[in-house]
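Chemist: Letter by letter, the chains look like this.
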Amino acid sequence: MTSHTGRLYALAFALVVFFLAWALVAARPWSTAAADPRLKAQAVREARLRSEARLVNRVVAQRWTLYRRELHARTVQIASVRARTAQLAAVSIAAPVSGAVRVVTLPPLTITRTS
Amino acid sequence: MERRVFRAMGTEIELLVHADGADAALDAAEQEFHRLESLLSRFRADSELSRLNRDGAVDASHDLLRVVTLSLDGRERTGGRFDPTVHDALVAAGYDRTFDEVASVARSDTWSPPSAGGEVTLDGSRIELEPGVRLDLGGIGKGYAAERAAELLATAGPCLVNAGGDIAVRDGSWPVGVDALTLELSNCGLATSGRDRRRWQRGDRELHHLIDPKTGEPADSDVLRVTVVASDAVEAEIAAKALFLSGAERARTEADAAGMPAVIVTADGRTLLAGGIA
Numbered sequence: 215m216t217s218h219t220g221r222l223y224a225l226a227f228a229l230v231v232f233f234l235a236w237a238l239v240a241a242r243p244w245s246t247a248a249a250d251p252r253l254k255a256q257a258v259r260e261a262r263l264r265s266e267a268r269l270v271n272r273v274v275a276q277r278w279t280l281y282r283r284e285l286h287a288r289t290v291q292i293a294s295v296r297a298r299t300a301q302l303a304a305v306s307i308a309a310p311v312s313g314a315v316r317v318v319t320l321p322p323l324t325i326t327r328t329s
Numbered sequence: 216m217e218r219r220v221f222r223a224m225g226t227e228i229e230l231l232v233h234a235d236g237a238d239a240a241l242d243a244a245e246q247e248f249h250r251l252e253s254l255l256s257r258f259r260a261d262s263e264l265s266r267l268n269r270d271g272a273v274d275a276s277h278d279l280l281r282v283v284t285l286s287l288d289g290r291e292r293t294g295g296r297f298d299p300t301v302h303d304a305l306v307a308a309g310y311d312r313t314f315d316e317v318a319s320v321a322r323s324d325t326w327s328p329p330s331a332g333g334e335v336t337l338d339g340s341r342i343e344l345e346p347g348v349r350l351d352l353g354g355i356g357k358g359y360a361a362e363r364a365a366e367l368l369a370t371a372g373p374c375l376v377n378a379g380g381d382i383a384v385r386d387g388s389w390p391v392g393v394d395a396l397t398l399e400l401s402n403c404g405l406a407t408s409g410r411d412r413r414r415w416q417r418g419d420r421e422l423h424h425l426i427d428p429k430t431g432e433p434a435d436s437d438v439l440r441v442t443v444v445a446s447d448a449v450e451a452e453i454a455a456k457a458l459f460l461s462g463a464e465r466a467r468t469e470a471d472a473a474g475m476p477a478v479i480v481t482a483d484g485r486t487l488l489a490g491g492i493a
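Going down the list, the protein sequences come from chains Z and C. Numbered according to the working numbering, the first sequence terminates at residue 329, and the numbering increases by one at each position without gaps. Numbered according to the working numbering, the second sequence terminates at residue 493, and the numbering increases by one at each position without gaps.
These are calculated hints, taken from the structure and not from any lab test. Source: prediction; values computed, not measured.
Below, computed lysine to any residue pairings styled on SDA-like, alpha-carbon distance capped at 20 Å:
(1) K429/C with R296/Z
(2) K429/C with V295/Z
(3) K254/Z with E266/Z
(4) K429/C with G295/C
(5) K429/C with W326/C
(6) K429/C with A307/C
Label pairs and their in silico Cβ distance ranges:
(7) A297/Z with T336/C: 23 to 31 Å
(8) R341/C with T289/Z: 31 to 39 Å
(9) R316/Z with R250/C: 29 to 37 Å
Simulated coverage check for chain C against chain Z, where a stretch passes if three residues somewhere in it have a Cβ under 8 Å from a Cβ of chain Z:
(10) 220-233
(11) 377-385
(12) 394-400
(13) 403-415
(14) 438-445
Glycine residues also receive a C-beta, built at the ideal position from the N, C-alpha and C atoms.
Construct all of the structure, not just a fragment, from the sequences and the given hints.
Modeler: Right, here's the structure in full:
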């Protein structure tokens, strides 16, 4: 009786071990899963796009800085010209008179009129 | 004193010189007017100015280049109130032929005033106009011609050249009538700009030749005419046009600030003295 029960347990244990070994071998843990080529291509494209985006951002930043610098210079230039023009218009639309001008009571030798 | 009167540049020219036997100098001065008219008139198809206006670019003579340079300088100094690029605005308003003929032409009272202020590029002796830009050098041309003629006449003695109101004076003292006043001038120039002459009818509107470059239409100013004394006739011509466009009160303020003698006659008949004339 004891020996019969022991054999049954041994058989059951052997069967369990067999199936566990089977499952382990069927799982093929030594081989890695083959990557999907579409995923691989997408990853490469993403990396390239990220690199290009960084480059574009750098160029935009450089151009923006240049634009702001030129805008500032131009604004200063325009303000200076406007100030100069206003000053000239207000003060010296003609060169100073080098000769003398005075009101006299003599009869005129000629007259001026609208040209 | 010798005196000669003749017509050139669409107006009456008067030469006065304190000298005897000044015929050669008078001839030279008169010829100078005719020579400059043949270069600067916009009414002569064969003038250098007409060629520039037609072709848009020209390798210019010394005189045309000088007058254009002075005009552009005047445009900058007056903030655009004096502007030689009003040619098309003048033509559109009706001043498209010599003034003697303008009044005889009937026109509708509506038109599209073109804008002024286009680019004029000077490169050495070459003048280039922006497409659509043409120049009128009528007023400043007379001032320039008066100065050149005065230079030639001064070889004979003290002289005065009066080109229809643009006056150049060399040496001596010259009493010149300005409205009710007589101003004594010495080594300077004088010019009068106004809307009391060179005006014509267009429908119900009376137009004149002083174009406001901002609107392209005859200027709406409360000044009837303004006379300015400056260092020479060209400067006086530029300043007179600018002050006319400013309006009477601002013109007086500007003339006072610049110490530029001016007589301003307003449309309502007042005479304002400015710039040191009292």
